[in-house]
Amino acid sequence: MSVTHLSASPRSRAHTASGISVRGVSHTYGARTAGGMLALDGIDLEIADGEFHCLLGPSGCGKSTLLYLIGGFIPVQAGVIATSAGPVTSPGPDRSIVFQNFALFPWKTVKDNVLYGLKKAGFNAAEREQRARHYIDMVHLTGFENAYPSQLSGGMQQRAAIARTLAVDPGILLMDEPFGALDAQTRRVMQEELRAIWRDSRKTVVFVTHDVQEAVFLADRISIMSARPGRIQHVIDVDLPKDRGEEILENREFIRLSEQIWRLVREQAVAATRGAH
Amino acid sequence: MMNMAQARPIAPNSPSQKQKLPAPRRGLHLSPHMVDVAVQVAVVAALAGIWEFGARFGALNPFLLPPLSVVLGRIWEDLIAGTVPVDLGLTLYRALLGFAIGAVIGIPAGILMARSNVVRWFLDPLVSIGFPMPKIAFLPIFILWFDIYDTSKIIMVAFSCFFPIVAATYAGCSSLDKWPIWSARSFGAGERELLWEVYLPMAMPQILTGLQVALPVGMITTIVTEMLMGGRGVGGAMIMAGRFADSVGVFAGIVQIIILGFVVVKSVEMIRRRILIWHPESRR
Amino acid sequence: MSDILAGGRTGPPLAYAIVNTAVRFSPLLLLALGWEFLGLTGLVSQQMLPGLGEIADAFSSMLFGGELLYNTARSISRAAAGLGGAVVVGVLLGLLMAQFRPVRLLFNPIVQIFYPMPKSALIPVVMIWLGLGDSSKILLIFLGCLLPVVVGTYNGARGVNPFLLWSAASLGASRVDVLREVVLRAAMPDILNGCRTALAFSFILMVSSEFVIATDGVGFMISSLGDGGQYPAMFAAIFFVAGIGFAADRLYAMFARRALRWREA
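Chains as they are written, first to last, in UniProt numbering: chain A, 1 to 277; chain B, 1 to 284; chain C, 1 to 265.
Since the hints were made in silico from the structure, they are not lab data. Glycine residues also receive a C-beta, built at the ideal position from the N, C-alpha and C atoms.
Pulled a few chain B residues facing chain C out of the computed Cβ check, cut under 8 Å:
| id | residue |
| --- | --- |
| 1 | Trp-121 |
| 2 | Pro-132 |
| 3 | Met-227 |
Covered stretches of chain C (in silico footprint by chain A; criterion: 3 or more residues with CB under 8 Å from a CB of chain A, positions within the stretch not fixed):
| id | stretch |
| --- | --- |
| 4 | 155-167 |
| 5 | 170-176 |
The following block holds chain A by itself, in its conformation from the complex (with noise of 0.2 Å):
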């Protein structure tokens, strides 16, 4: 797997990695005193500057709920999330985000795709040219830069939106199921050059998924979150080798963690199933 190296990267306006930093979160959907639903309940949770984090749970849980309000896309009701710029109350080019249906802008190329983000960060053209022609061959796009987000296949759409997330060079990566609409092959492809790509840059990285392998794959700490109203049940450190392939799959600990959390995840999924009725 050939990944290029971020460290290429021609200038460097990063945004500071920072930590993010989660304090009695809670969110209810619909009206806040009667009827409503309580989506998440008491939220506490630290994520250490340039960790991998991933929030993991049943669907219905509230993990995108609790991503979104990191992002700033939803006002936070009770409760404060901060990073070390300050409490979040907007979305912005620190904290950038890759959605499960990629979003990308279908009237714009993958190159136009890529472009946006650099222009409103105020990169000069050279500088856009120049950071946009290397995060599009990073995805391995060199050759489509061209083409519509409707001329490509999923997997390309997604890493085009990789990208485009990447370029603008975020401290904090948010990412929400972003494989979940890939087959499997593709997938795994993914997740290798993700973890190759957050390895390179030490960003921190938040990514939410209901997939308890993609989960121990990639992360350095992982939130087991309980369905419905969501909480944080369980904060389980990964100590798997930082680079990972094809061949941790047969890792006793990877193994032996994949086990353990999965039987974590269907206790809460029964308890919900059970709450249901």
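Could you slot chains B and C onto chain A? The hints should help.
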């Protein structure tokens, strides 16, 4: 689960943290919806008020915009004199009859275009040229052929309505999903059953859309024919009023037309919902 | 029929295209032949169904006499002014309604009331307001075309995938940027659809208003030729207007396809 959520209300958030970016859509909450309705009713009332009092107290020229009460008074007089029902009835009769003729010819023609190569070969160029043309330009030809009475008006309306209907029916019938057709066939359905029980229901949303485009076109056309040829009907009455600088008469006509248009369009929407009760669009 | 030909494509592309077009439009030729034949049998009077040759003669003399082009230019300029204004105002209003609740609450009831009204009913109203000149027809076309554009823009802007807005915001776009660069672009397919309806309305209202109140323009020309009993010329002018309406729609469709190239997979 929900009870638990209700039992533990969350601390209220600070009102300053209002976020304008749209969140992914959630279900309607009743109270803001009712506020919306109330505000919009108030807007309509305010507009009516501005119209009435602006015209009455000289802020608006009462010739250019006669006070609402005067206009409604005229409608009331004409209602008692019996001209309003006759004019509205005639306009509605011409529009609906022309529309019905357009539909009775247009729907089968669209189905045949989708099912038969010969019909498609013959009609496709005519429809694709006729669809975007301003059909109203042909009105003098229909007057020449059928004189200025009801026949030419109704034929003109039917001609205008035909194209959107045939185009929508053809499009609807030629882009059908194959799975329901295959499953019907596998149950042994014949061609006739397929037509009535599979093709038509599946093409129904698009056919109805075509009808919904055609009906307003038919009403626009009816009114123009009435204005051009004179005689009874709301269009004729309005143009007469206009020629005699009777602005109250013109606005009385406009108010009637607005109500007529509103009632017709809303009724058609209701009928659509009834017919398409099985369709996902009805569950919005 | 054309499908069958497409399957058995053998000749060089140009010849193929010519043959294909000829086959596709041969029904028009049949129709023309039927027209001529009906005239020859004498079942229908010459007045009611002038021969195609006569119509063509009348057309060329009108064309070279300049009156046809003059009147067409007058009509088109009025339609363009009304339609242009409607597109600018309509897109702006639709966007504002979609983005700002107060604007939406203020204009939604107005749109709801006036959208179903058959717009040709406004002809006597604009006549009362502005008389028989150009301005009344421009206003009529403006009012008639406005609501399809507003509604198209509004629906498009309301239906934008919220994740696109979030993406832009997280890449550092301001609210104004998001409106201009994301909402407007994402709503473009619906806006262009609304404008296409408006284009059709502009032709209908242009011709109708000239039938009813005018002193020049193609519609006026058609009705005065009819009143004067010059039927071949009347038929020629009608076919000409219809052809222009058709051509305008085709050109617009080509433009829209280009503008929405990104949608094609």
